[in-house]
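If you read the sequences in order, they're chains R and D. Heads up, the first sequence is in UniProt numbering, so the first residue is 1 and it goes up one at a time. Heads up, the second sequence is in UniProt numbering, so the first residue is 1 and it goes up one at a time.
Nothing false has been slipped in among the hints.
Note that identical chains are pooled: a pair holds if it fits in a single copy or bridges any two copies.
DSS-like mimics (lysine-lysine), calculated; alpha carbons at most 25 Å apart, straight line: (1) Lys118 - Lys20; (2) Lys118 - Lys43; (3) Lys34 - Lys118; (4) Lys43 - Lys143; (5) Lys143 - Lys20; (6) Lys43 - Lys20; (7) Lys157 - Lys20; (8) Lys43 - Lys157.
No wet-lab data here; the hints were simulated from the structure. Note that the structure is a prediction, hence the values are computed from the model and not measured.
If you want the building blocks of each chain, they are given just below.
Protein chains: 2
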Amino acid sequence: MAQPKVQNGGTEKAMTEAVKFTALKPQLTVEAPKAVDAVQFYKTAFGAVLTGRTTHPKRKAEQELPLILSAQLELAGTTILVSDIADDSAAPAKTGGTGVVLCLETEDVEAAIANAIKAGAVAEGDVAEGEDACGGGRVGKVKDPYGFVWEISSPAKNCADVEA
Amino acid sequence: MAQPKVQNGGTEKAMTEAVKFTALKPQLTVEAPKAVDAVQFYKTAFGAVLTGRTTHPKRKAEQELPLILSAQLELAGTTILVSDIADDSAAPAKTGGTGVVLCLETEDVEAAIANAIKAGAVAEGDVAEGEDACGGGRVGKVKDPYGFVWEISSPAKNCADVEA
Numbered sequence: 001m002a003q004p005k006v007q008n009g010g011t012e013k014a015m016t017e018a019v020k021f022t023a024l025k026p027q028l029t030v031e032a033p034k035a036v037d038a039v040q041f042y043k044t045a046f047g048a049v050l051t052g053r054t055t056h057p058k059r060k061a062e063q064e065l066p067l068i069l070s071a072q073l074e075l076a077g078t079t080i081l082v083s084d085i086a087d088d089s090a091a092p093a094k095t096g097g098t099g100v101v102l103c104l105e106t107e108d109v110e111a112a113i114a115n116a117i118k119a120g121a122v123a124e125g126d127v128a129e130g131e132d133a134c135g136g137g138r139v140g141k142v143k144d145p146y147g148f149v150w151e152i153s154s155p156a157k158n159c160a161d162v163e164a
Numbered sequence: 001m002a003q004p005k006v007q008n009g010g011t012e013k014a015m016t017e018a019v020k021f022t023a024l025k026p027q028l029t030v031e032a033p034k035a036v037d038a039v040q041f042y043k044t045a046f047g048a049v050l051t052g053r054t055t056h057p058k059r060k061a062e063q064e065l066p067l068i069l070s071a072q073l074e075l076a077g078t079t080i081l082v083s084d085i086a087d088d089s090a091a092p093a094k095t096g097g098t099g100v101v102l103c104l105e106t107e108d109v110e111a112a113i114a115n116a117i118k119a120g121a122v123a124e125g126d127v128a129e130g131e132d133a134c135g136g137g138r139v140g141k142v143k144d145p146y147g148f149v150w151e152i153s154s155p156a157k158n159c160a161d162v163e164a
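Pulled out of the complex, with its shape left as it was, chain R reads as follows (with noise of 0.2 Å):
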């Protein structure tokens, strides 16, 4: 069956492309080395499972910790992502080290991240190659109008590395 093409105008959803999204995790950063406690804290206070731990590469000999890029926790049937800061993190630094970055999962990052500037979003960055949030592939950034952070990357492999 044939589809008909649709004209650019006419809706209010023509002005982006249509980008199927297949995850959104809230991901908690604090400030390093605190999120392996913070993950501790979560399955003791709320009864949290983790599923999935990626550590940052060691970037400095005198680090002791390794640096938790991404724990990846089950709640209430839906994940979050806990982090530590690092250089590269996306958390706005105005929060001291606490923030939330809205991770989105699609198979189109570069349609995604376009839909939101012409929505009125501003970049943050490129697009790159990268692993971050669990998620590999290419990975994006930008900031909505209201001060969030949402960060655009394909969709996360499983996670290694879990050890409690």
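Go by the hints and put chain D onto chain R.
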């Protein structure tokens, strides 16, 4: 089939009463009265779908616009809430109007809050009958040791007043 009585102690989990959470919804709080615009932005930018909305009861005669207590959006299979900041908002004032509150729903609000406090969270006010974030029923708040605010409430009823 009789359940064996669980002895207190012996496992790390035993310190907290088992509480089942039925939903976790990130609540994005914005400076009033921007919530209406923010909802429109998330619809345009990400294709979010508005599935419910409640407004604050009008408390000041001079208020022209109804404040959004909670607009419920579906995005990537997840529910997010968008709310205007009001006097009784859970959002931390320090973020200057923009913040994220993590809303957890459970039938057992008191036990959930007691568990969180035992684990190291700090109560923010008392548990009360309230109408907040589409919740209704019992509502309480805690701040965790990492600075995040969790609102724990009875499961949300359907939000009325959907316009667009």
